[in-house]
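Next come the chains, spelled out residue by residue.
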Amino acid sequence: GAVVSQHPSRVICKSGTSVKIECRSLDFQATTMFWYRQFPKKSLMLMATSNEGSKATYEQGVEKDKFLINHASLTLSTLTVTSAHPEDSSFYICSAKPGLAGEGQYFGPGTRLTVT
Amino acid sequence: AQSVAQPEDQVNVAEGNPLTVKCTYSVSGNPYLFWYVQYPNRGLQFLLKYITGDNLVKGSYGFEAEFNKSQTSFHLKKPSALVSDSALYFCAVRAPNSGYSTLTFGKGTMLLVSP
Chain A
1 GAVVSQHPSR VICKSGTSVK IECRSLDFQA TTMFWYRQFP KKSLMLMATS
51 NEGSKATYEQ GVEKDKFLIN HASLTLSTLT VTSAHPEDSS FYICSAKPGL
101 AGEGQYFGPG TRLTVT
Chain B
1 AQSVAQPEDQ VNVAEGNPLT VKCTYSVSGN PYLFWYVQYP NRGLQFLLKY
51 ITGDNLVKGS YGFEAEFNKS QTSFHLKKPS ALVSDSALYF CAVRAPNSGY
101 STLTFGKGTM LLVSP
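Protein chains in written order, with this note's numbering: chain A, 1 to 116; chain B, 1 to 115.
Please note: incorrect hints may appear among the correct ones.
Stated by the list, open to error - In silico lysine-lysine, DSS-like type, Cα no more than 27 Å apart, as pairs:
#1 64(A) with 107(B)
#2 107(B) with 42(A)
#3 107(B) with 66(A)
#4 77(B) with 22(B)
What the hints assert, rightly or not - Short, incomplete list of chain B residues facing chain A, as computed with Cβ under 10 Å:
#5 36
#6 42
#7 45
#8 86
#9 90
The hints are simulated quantities; they were obtained by calculation from the structure and are not laboratory data.
For each residue, glycine too, the CB sits at the ideal point set by N, CA and C.
Excised from the complex, chain A in its bound form (with noise of 0.2 Å):
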């Protein structure tokens, strides 16, 4: 089946640092990534969507600013917390959509970022 990795699964950062976190498909082209948040408990929250090659599409709260979302080929997206704070600490987890619309989406495994 279609595999998406995420790249760190985890990572600590000082207060005031950047952070960049990578997602792959491995086995496919993602014409669209999708990154998400998602708390304690909670369920995922979009934060972007991205398609190859253009600006991604924050969803309203979201500051672009803030989390850099690069998606440079079909097979890689990143996303960069800039100037990482603690309250940026969450899970983020990326998933990747074939092109077709009844395809489902395939999710990263996830990145425990921890902002100390």
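Following the hints, complete the assembly by docking chain B onto the known chain A.
Relative to chain A, chain B alone:
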């Protein structure tokens, strides 16, 4: 706007008993419906989907779900629960007004299966 409701925060069931995790949706037009499972500190795993065709959909690990258009429901079921089924379950929907591109999740239901 599309939305998904999972009315139960938690479902408790004994191993070997049937289980049901409820999901209702609200969309304009014909929905695409999905169930995902999440184990602790892991991403989501796809269980099953309904796009069109038979209302009863069979998926991974013995799970199934029935699409009921009149009740706008897509409840997840399994005839005999296993302790290993304990996890967080999410129902999700895609709607035509978003070009079927945006997946909207319910808040999740924690399933606890006791031995």
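Consistency of the hints with the structure:
{"no.": "1", "hint": "64(A) with 107(B)", "result": "25 Å, holds"}
{"no.": "2", "hint": "107(B) with 42(A)", "result": "6 Å, holds"}
{"no.": "3", "hint": "107(B) with 66(A)", "result": "25 Å, holds"}
{"no.": "4", "hint": "77(B) with 22(B)", "result": "9 Å, holds"}
{"no.": "5", "hint": "36", "result": "7 Å, holds"}
{"no.": "6", "hint": "42", "result": "6 Å, holds"}
{"no.": "7", "hint": "45", "result": "7 Å, holds"}
{"no.": "8", "hint": "86", "result": "14 Å, violated"}
{"no.": "9", "hint": "90", "result": "7 Å, holds"}
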